[in-house]
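*Asks:* Each chain, letter by letter, is given below.
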Amino acid sequence: DQQVKQNSPSLSVQEGRISILNCDYTNSMFDYFLWYKKYPAEGPTFLISISSIKDKNEDGRFTVFLNKSAKHLSLHIVPSQPGDSAVYFCAAKLGGGKLIFGQGTELSVKP
Amino acid sequence: GAGVSQSPSNKVTEKGKDVELRCDPISGHTALYWYRQSLGQGLEFLIYFQGNSAPDKSGLPSDRFSAERTGGSVSTLTIQRTQQEDSAVYLCASSLVGRNIQYFGAGTRLSVL
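Going down the list, the sequences are from chains A and B. Counted from 1, the first sequence has number 19 at position 19 by our numbering; the numbering is strictly sequential. When you read off a place in the second sequence, starting at 1, and then add 111, the result is the number in our numbering.
Bound conformation, chain A alone:
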């Protein structure tokens, strides 16, 4: 039972363009959502987050949008840079402490 899904295993974009990573969830009780970035042989690094009471959060080149009615989350990166190439995980929190992760999307930004 996959409560958090990232349906695109990979995404390729040109440097300078927008990257849009998507995430869907099934549990309407999730109260907080996070995006993590992961480079090979390193642990996930926190990128940006959003509370379920908001619909948008922005931090520099990164913006997260939350559509609660559609149970959909997206991460926008503008402009994309080669250093953004990594695996991106969305995660959801349900009260308590544990995070439920999607399967990840590998982003490749071409120069």
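The hints are simulated quantities; they were obtained by calculation from the structure and are not laboratory data. Mixed in with the good hints there might be a few duds.
[Said to hold, decoys possible] Using 27 angstroms as the maximum straight-line C-alpha spacing, the simulated BS3-like pairs for lysine-lysine come out as follows:
#, chain 1, residue 1, chain 2, residue 2
1, B, Lys122, A, Lys93
2, B, Lys168, A, Lys5
3, A, Lys71, A, Lys37
Here the structure is a predicted model, which is why all the values come from computation and not from measurement.
Knowing the structure of chain A, use the given hints to seat chain B on it.
*Replies:* This is chain B only, laid out in the frame that chain A set:
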């Protein structure tokens, strides 16, 4: 320390052997989590420690898996009688109490031959 520290970074073992994985959280973080990432998969929650409360063990896949946290700091994840399907990267994270952001270590890559 500056970040979450995990050891060893790599562990190769034979099927049936026991292994211990160590996690040293960020100083002052009272919450500690263990996850694992199998090949091509997302992170799977294993266990969560919060201060002196009973741990949330709901993610442990079998009774061969156990974890303890001594003195509210360092944690050890033990896998007994390892199986090939236990091969994965085991990640530890910590956070401040009541905070949503978890900070991860680099993980231990476990290979069971």
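*Asks:* All the hints need checking, so say for each whether the structure fits it.
*Replies:* Checked hints:
At most 27 angstroms may separate the alpha-carbon atoms for a hinted pair to count; Lys122(B) and Lys93(A) exceed this at roughly 30 angstroms. At roughly 23 angstroms between alpha-carbon atoms, Lys168(B) and Lys5(A) fall within 27 angstroms of each other, so this suggested pair holds. Restraint check: the Cα-Cα separation between Lys71(A) and Lys37(A) comes to about 21 angstroms, which is no more than 27 angstroms; the hinted pair holds.
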